[in-house]
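Here are the chains, one letter per residue:
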Amino acid sequence: MSARTRPVTTTEGVRPFAFSATALAECRELIARYPEGRSKSALIPILHIAQAENDGWLSVNAMDAVAELLGLRRIEVYEVASFYSMFNLHPVGTYVLDVCRTTPCMLRGSDELIAHLEKKLGIHPGETTKDGMFTLKTVECLGSCGTGPMLQCGARYHEDLTVEKVDRLIDELRARNQRANYTDR
Amino acid sequence: MARKILFEHIDKPGIRGLEGYRAHGGYRSVEKALRTMAPEAVVEEVKKSGLRGRGGAGFPTGMKWSFLAKPEGVPRYLVVNADESEPGTFKDRYLMERIPHLLIEGMVTSSFALGANTAFIYIRGEYFHVARILEQAIGEARAAGWLGRNILGSGFDLDIHVQVGAGAYICGEETALLESLEGKRGNPRLKPPFPAVKGLYQCPTVVNNVETIAAVVPIVNDGGEEYAKVGVGRSTGTKLISAGGNIKRPGVYEIELGLPCDEFINSDEYCGGVDGRAFKAVVPGGSSVPIVPYELFLRTAKGEPRLMSYESLSDGGFVSGTMLGSGGFYAYNDAQCIVRSTWNHARFYHHESCGQCSPCREGTGWLDKVLERLELGEGRAEDIDLLWDIQRKIEGNTICPLGDAAAWPVASAIRHFRDEFEYHVTHREKVKDPRHFAREPFRRTARPQTV
Chain L
26 MSARTRPVTT TEGVRPFAFS ATALAECREL IARYPEGRSK SALIPILHIA
76 QAENDGWLSV NAMDAVAELL GLRRIEVYEV ASFYSMFNLH PVGTYVLDVC
126 RTTPCMLRGS DELIAHLEKK LGIHPGETTK DGMFTLKTVE CLGSCGTGPM
176 LQCGARYHED LTVEKVDRLI DELRARNQRA NYTDR
Chain V
12 MARKILFEHI DKPGIRGLEG YRAHGGYRSV EKALRTMAPE AVVEEVKKSG
62 LRGRGGAGFP TGMKWSFLAK PEGVPRYLVV NADESEPGTF KDRYLMERIP
112 HLLIEGMVTS SFALGANTAF IYIRGEYFHV ARILEQAIGE ARAAGWLGRN
162 ILGSGFDLDI HVQVGAGAYI CGEETALLES LEGKRGNPRL KPPFPAVKGL
212 YQCPTVVNNV ETIAAVVPIV NDGGEEYAKV GVGRSTGTKL ISAGGNIKRP
262 GVYEIELGLP CDEFINSDEY CGGVDGRAFK AVVPGGSSVP IVPYELFLRT
312 AKGEPRLMSY ESLSDGGFVS GTMLGSGGFY AYNDAQCIVR STWNHARFYH
362 HESCGQCSPC REGTGWLDKV LERLELGEGR AEDIDLLWDI QRKIEGNTIC
412 PLGDAAAWPV ASAIRHFRDE FEYHVTHREK VKDPRHFARE PFRRTARPQT
462 V
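Chains as they are written, first to last, in this note's numbering: chain L, 26 to 210; chain V, 12 to 462.
Where hints are given, some of them may not hold.
Taking lysine-lysine pairs in the DSBU-like style, the calculated list, with each CA pair at most 30 Å apart, reads [unchecked claim]:
#1 443(V) - 144(L)
#2 190(L) - 443(V)
#3 43(V) - 23(V)
Coverage of chain V stretches by chain L, computed from C-beta distances (three or more under 8 Å per stretch; other residues unrestricted) [what the hints assert, rightly or not]:
#4 177–184
#5 191–201
#6 258–272
#7 345–358
What the hints contain is simulated information worked out from the structure, not anything from laboratory work.
Here a beta-carbon is modelled for each residue, glycine too, at the ideal position from N, C-alpha and C.
So here's chain L without its partners, still in its complex pose (with noise of 0.2 Å):
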């Protein structure tokens, strides 16, 4: 893990953080579908939705509340957010661009994305554009193996990429100027 990836451990200088009422609302719905004594296995849906109350996120401050939340010891949250690509766990852009470079995207030109991506962006993958519009991510196999190379950003696939296509799609967002989660509906 290069130093620009490295988890934000400290609470200082973060902003606080507390779900709001209709993710609170959608946190309960989700741990009573499990048996009594159970309601950790909400913990990863649950995961979801504090990173996406929190800019794209998991703070120490979201984490902690979670484990508040399901009445659990923070190690026991913090575990499980460093174990899964999806949770970030320092700060990231309104968009993080999700670029598969797994054999499958490969043979059809991800390597070639991927450069692209870095040349027109000015950053490598695990970094934020200076404006804190795109992060770049490469991600493993993402099950779009047909219609590759493409990248995930947010809930949505873009799928067949080319040069093009991706610079369109760049442009886009960028004008959009809107928070992409992968909770979107």
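With chain L fixed as given, assemble chain V onto it according to the hints.
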């Protein structure tokens, strides 16, 4: 036109919604099972069908179901594995996006057979958009009485929940999946006990792939014997193959097991042949199965035509065969570099190792590093034997099959393409260009070497 069983109606308008799905005979298997069959009779049909797990391992589904412990007063669970993360595999996504009720129907019928009143679909987090489609289908099914309490007046209750993951290949391994569903890191469990005895919340649990559960629908509708008439030998029924790589027509195809490999890769009904160059190699069943040269994909070492079936694809063992796996098929043209692809595979497994077992945690990292230097023109002559040695020490020495899955692509690449690895040591300057075989394909110096 080959026979379609799961995808017979997939192109019909409105098939994604309950109404359209019902119009084409949807939920008949639930009516038949709940009204006219005992749970054991459903299990019996699945046994007779010869259905084998479609997630990759190919274990007989009926047998897996018959292992389910049934202690008094303890709940049982059905968990559908929709984690689909095996590189090359996108068939379950296709099924769930286009005909979600087929999965829901299969789950109702299967849960009835197993005596489960709660079922989960564990779906990979990146498929959030698919999870929404499933949630909508579940809502429709519940409103129409196909889910909930006392379904069809039978006294059978069932709730289905969709659980999203958060990005971890290992959660496709069934015990890691259960850990994740319990809100933990996806570390595979030591077995025994198997999930059939102690699974979700330490209760008896069956974990099955999406496609497996979908196949229960036609098996119950038409009977296990009818299903077993399709296919070849112990490879009964149909299989969804997701095809990608350097082919003309990527996509998801339902094939009858036993289809000749040549027809699958070259006919316009399926892959449509190579994308303008020449085929070099094939990975027929997801990144974990051995890579084979194109010639060995078409014909076995004995010279017989190879078929798309569990047995034929593995004919010759690891010396000259491969595996059907998950049906995540991808083909390479001659612009591709096998060393680069092997490095990509190794990097994937390194990234996805959960870190529990030292041979996998450390070994995948070593494979990644050594392959990286070979591909970047910094390799040494002894690296090839070093790779062979590392992969051999991972295989069979880990809690779960991820270790084997990391070892096999490396072993098979060296076994069949050793001359190409040697070229990377002798032509270090040439391979520094990342597209080194794009203009001038690699020319084999010898017959494929078998180890």
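For a quick check of understanding: which of the numbered hints are violated here, in increasing order? none
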